[in-house]
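All chains, please: the whole structure from these sequences, using the hints.
Numbering (our numbering), first residue to last: 14 to 135.
These are computed hints drawn from the structure, not numbers from a lab. Where is the CB? At the ideal position from N, CA and C, for every residue including glycine. Be a bit skeptical, because a hint or two may be false.
What the hints assert, rightly or not - Below 27 Å or equal to it, Euclidean Cα-Cα: the simulated DSSO-like pairs (lysine-lysine) are:
#1 109 - 58
#2 44 - 109
#3 44 - 73
#4 119 - 58
#5 119 - 56
#6 109 - 56
#7 93 - 58
#8 93 - 119
As the list claims (entries may be wrong) - Here are the in silico distance ranges between beta carbons for each label pair:
#9 93 - 134: 12 to 22 Å
#10 112 - 87: 12 to 22 Å
#11 64 - 109: 19 to 29 Å
#12 74 - 49: 16 to 26 Å
#13 55 - 134: 16 to 26 Å
#14 98 - 41: 30 to 40 Å
#15 134 - 65: 37 to 47 Å
#16 112 - 52: 15 to 25 Å
#17 116 - 50: 21 to 31 Å
#18 64 - 132: 29 to 39 Å
#19 103 - 41: 19 to 29 Å
#20 55 - 97: 19 to 29 Å
#21 40 - 97: 32 to 42 Å
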Amino acid sequence: MKKVKTILLTLILLFVFVGCTNQTTGSGEIKVELVALDGSVIKEKSIQFDTNSTLEEIIKTEFDNVVFENGMLMEIEDYKTPSNWETFISVYVDGKMSMVGISDIKLVDNMVVSLIITEYIS
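Next up, the structure:
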């Protein structure tokens, strides 16, 4: 009887371990899109990531002319934030404005990151 309990306990622990490791692989794919003032997509990429990837690194690698200043995305592709900030880049994750900076966004499989050029309205 003791041997049966040991086997059952071992099997249960094995299933729990396998289930946990399959759910938290720390890798996947995200979509990053750069959106113009008029709402058109300038550039869109589906990108594989792993546990060591950061959104900032992905953007630097996958897009051209990327410049970050103090954690803020100031330039990407042909866009440059003007000195008067009449336009700037807003960051959205899955359709909602991000409440944290790019360096604090955690990558999640199938997430969509939209870098939207936005007009400042006073």
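Going through the hints against the structure:
Taken as a hint, the residue 109 and residue 58 pair is honoured in the structure, with Cα atoms around 19 Å apart against an allowance of 27 Å. A C-alpha spacing of about 14 Å is found between residue 44 and residue 109, which places the hinted pair at or below 27 Å, so the restraint holds. Taken as a hint, the residue 44 and residue 73 pair is honoured in the structure, with Cα atoms around 14 Å apart against an allowance of 27 Å. With a CA separation close to 18 Å, the supplied pair residue 119 and residue 58 stays within the 27 Å bound.
The suggested pairing of residue 119 with residue 56 holds, with an alpha-carbon distance near 22 Å, which does not exceed 27 Å. As the CA atoms of residue 109 and residue 56 are separated by approximately 19 Å, the hinted pair is consistent with the 27 Å bound. Restraint check for residue 93 and residue 58: satisfied, since their Cα atoms lie roughly 20 Å apart, inside the 27 Å limit. Between residue 93 and residue 119 the alpha-carbon distance is near 25 Å, which keeps this suggested pair within the 27 Å criterion.
The hint said 12 to 22 Å for the Cβ distance between residue 93 and residue 134, and at roughly 20 Å that hint holds. In this structure the hint that residue 112 and residue 87 lie 12 to 22 Å apart at CB holds, the actual value being about 20 Å. For residue 64 paired with residue 109, a C-beta distance near 24 Å keeps the hint of 19 to 29 Å intact. As the Cβ distance of residue 74 to residue 49 is approximately 22 Å, the hint placing it in 16 to 26 Å holds.
The given range of 16 to 26 Å is respected by residue 55 and residue 134, whose C-beta atoms sit roughly 21 Å from each other. Remark: the range hint 30 to 40 Å for residue 98 to residue 41 is upheld by a beta-carbon distance near 34 Å. Against the hinted window of 37 to 47 Å, the Cβ-Cβ separation of residue 134 and residue 65 comes to about 39 Å, which satisfies the hint. Taken as a hint, the range 15 to 25 Å holds for the pair residue 112 and residue 52, whose Cβ atoms sit roughly 22 Å apart.
The given range of 21 to 31 Å is respected by residue 116 and residue 50, whose C-beta atoms sit roughly 25 Å from each other. Distance hint for residue 64 and residue 132: a CB-CB separation of about 37 Å, consistent with the stated range 29 to 39 Å. The supplied range of 19 to 29 Å is met by residue 103 and residue 41, whose beta-carbon atoms lie about 24 Å from each other. A hinted range of 19 to 29 Å for the beta carbons of residue 55 and residue 97 is consistent with their spacing of about 22 Å.
Distance hint for residue 40 and residue 97: a CB-CB separation of about 41 Å, consistent with the stated range 32 to 42 Å.
Consistency note: the structure conflicts with none of the earlier hints.
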